[in-house]
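*Asks:* Residues per chain, in single letters:
Protein chains: 2
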Amino acid sequence: MSTASIGSKNYHAIKASKSAEIVAVASRSLEKAREWAASRDVRKAYGSYEELLADPEIDAVYIPLPTSLHKEWVGKAAAAGKHVLVEKPCALNLPELEGMIRACSAAGVVWMDGVMFMHHDRQHMMMDMLRKGELGTLRRLDSGFSFCADKAFLESNIRVQADLDRLGALGDLGWYQARFALCAFDLELPTHVTAVAHASTAGGVPIDVSVCMYYAGNEKVATFDSSFRTGFRQWVEVAGTAGALRCDDFVVARNAESVEYSVVKGADLVADHRRVADERSTVQVKGVCQEANMFDTFSAVVAERAGGGAAPAAGSAAHWRRVSVLTQAIMDACMASVDAGGAKVPVPVPAADI
Amino acid sequence: MSTASIGSKNYHAIKASKSAEIVAVASRSLEKAREWAASRDVRKAYGSYEELLADPEIDAVYIPLPTSLHKEWVGKAAAAGKHVLVEKPCALNLPELEGMIRACSAAGVVWMDGVMFMHHDRQHMMMDMLRKGELGTLRRLDSGFSFCADKAFLESNIRVQADLDRLGALGDLGWYQARFALCAFDLELPTHVTAVAHASTAGGVPIDVSVCMYYAGNEKVATFDSSFRTGFRQWVEVAGTAGALRCDDFVVARNAESVEYSVVKGADLVADHRRVADERSTVQVKGVCQEANMFDTFSAVVAERAGGGAAPAAGSAAHWRRVSVLTQAIMDACMASVDAGGAKVPVPVPAADI
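As you go down the protein sequences, you meet chains A and B in turn. This note's numbering puts the first residue of the first sequence at 1, with every later residue one more than the last. This note's numbering puts the first residue of the second sequence at 1, with every later residue one more than the last.
Simulated from the structure, these hints should not be mistaken for lab results. Everything numeric in this text was worked out from a predicted model, so none of it was measured. Note that the Cβ used here is the ideal one computed from N, Cα and C, for glycine as well. Be aware that a few hints might be false.
Said to hold, decoys possible - Footprint (simulated), chain A over chain B, 3 or more residues, beta carbon under 8 Å:
{"#": "1", "region": "3-11"}
{"#": "2", "region": "144-155"}
{"#": "3", "region": "195-202"}
{"#": "4", "region": "223-233"}
{"#": "5", "region": "244-255"}
{"#": "6", "region": "270-282"}
To be verified - In silico DMTMM-like links for lysine to aspartate or glutamate, alpha-carbon gap of 20 Å or less:
{"#": "7", "chain 1": "B", "residue 1": "Lys265", "chain 2": "B", "residue 2": "Asp248"}
{"#": "8", "chain 1": "B", "residue 1": "Lys9", "chain 2": "A", "residue 2": "Asp272"}
{"#": "9", "chain 1": "B", "residue 1": "Lys151", "chain 2": "A", "residue 2": "Asp268"}
Hey, can you work out the whole structure from these sequences and the hints?
*Replies:* If you want it as structure tokens, here you go:
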């Protein structure tokens, strides 16, 4: 749905997936749709989203539209019986997202958000390591995710338009960081956040933000910065009482053929504090296409929903609904804190039935 | 002055330096002093600090006493005409430090704090790179410095005693992080800070803190965590519009023979956002003993002060006074913020004449 540039990436992903097939593309311009389809070996092109949703051959749609349009088109897709894979940030706020997901559930269709890194084997390996307690009691998660946008982007990109995507760098980058923290901390929602916008557009869209997430009991904390005005970075560190894990490209694998993460354990000062002893290891993960995996997992969730498949290892439909609303809840709190000048605000608790 | 365990490290450092010589050790216990001296080939041992300060053969003293005792012993050392090298955190607060440094200046003796990493060749190389603008306009500095203290430490170590060192993890670890930020940002003092203590002792000493430092104009920001309850980490990242620098062991060189730092420039998404292109480099720095360098620089500053030497490349006496008070100003603001529950507080501006 749309010929947005991210669609190209997903075209390749669907082609590389084992279980999904790309049938059609739709644009508000038939000409654009035809051009996009022709240059990519796609069978059908539609000049409106409605026509796409009316096509009985189509099981599911990918929705990379501006966030402000998600509610309308997720609702229409669900009504047409199409499963939806929706780009982040999912919604303008939590109640809107809860409404969308309820519409999907009522219509019997699957909801999933398009967070590709969740589907990399590396991600599962890192999360397994944390769950096994290899780093001891977890204390911190810190992450930096940024790129240095040019003037044109900051003036006109969808992601900085207050009426299209109010969350700015929070929604575009912070969504991934909040998601990683949720996964690292076993889907525990922070109770409070502070989010300070160091820079915003004239329309109040934050483009450089520092976030701190607080958890019940104060045993751990997570911080991240999301910025459109710092050079490209995409790192995360998780630190526990017994060690730390670091990944320098957790969102987009630097290299499609081989990625890695590093672990340091048992570090301590030795020899009269003149040097450090530690156990360092770097784990390499080869030959994984996280985008293709995303479509395979999406297909598996759809198959499970239709009664035709086993529960996917990466999580069933309920899991994917849940991680979306939890992430959105953090975004809502961050935006409320930004609006309150960085004050500590509570994180809304999503409805238990989603 | 004292047989504190850090003294062992400095014994080796002085032995390895080209220009300093260790003449004597003093302890409140003559027996301890004699034992320490005998096991280390040190000529003289004193059973009181006063006797040490009265020794005309001694030019300078190293003071690793608890912070609350610095004022008394820096004052007495200055009065005795001894130059002082003082462990961090330097003072309980900025006015106290200003008083100590004025006492040194009035007595014609040199003040320097014992921040060893400042004297590593790697540090100079990294700072040169930042000054040359190789990372573009600097946007962020982030740092994690922690170790997981055991129960005994948290119950009885000097660094968590409210009457000996109120700054806790801020003074012990944050001092280095604030210092690195000062150096990276050309000694610019943040205008405000927030500092949240996630955990403190019963006596109110912070043992796990997240700090954010704000600068005039909001063009950049610095954050760091200082913790006695997270595994050992000591990293810093500086990110600008054009790249980022990372050092994983900025305080204590992991390996005495060879250390490194890494730089990423020109990073961007390529190939339909399916991978990342960047220029990565790792700079190795070999065979440097930062502790020995510290004593050599200290000696050079003393020689300059005495009119017998050129201005040291690493900075003359005024520079070392200045970086101490600027660091202390940040610590004061952090502690004020901790006491105010993490509120944003202004950073006091040190007296211009120091």
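*Asks:* Please go over all the hints and tell whether each is borne out by the structure.
*Replies:* Here is what the structure says about each hint:
Given as covered by chain A, the region 3-11 of chain B passes the check, having 4 residues with a CB less than 8 Å from a CB of that chain where 3 are the minimum. Judged by the Cβ-Cβ criterion of 8 Å, the region 144-155 of chain B is covered by chain A as claimed, because 4 of its residues qualify and three suffice. Evaluation of the coverage hint for the region 195-202 of chain B: fulfilled, as 3 residues show C-beta separations to chain A shorter than 8 Å, against a requirement of three. For the region 223-233 of chain B, the stated coverage by chain A holds: 8 residues have a C-beta nearer than 8 Å to a C-beta of that chain, and at least 3 were required.
Given a C-beta distance limit of less than 8 Å, the hint that chain A covers the region 244-255 of chain B holds, as 6 residues qualify and 3 suffice. Coverage of the region 270-282 of chain B by chain A holds [criterion: at least 3 residues with CB-CB distance below 8 Å; count 6]. A distance of roughly 18 Å separates the Cα atoms of B:Lys265 and B:Asp248; the hinted pair therefore holds under the 20 Å criterion. A threshold of 20 Å between alpha carbons decides the hint, and for B:Lys9 with A:Asp272 the separation of about 5 Å falls inside it, so the pair holds.
Annotation: proposed proximity of B:Lys151 to A:Asp268 holds, straight-line Cα distance about 16 Å (limit 20 Å).
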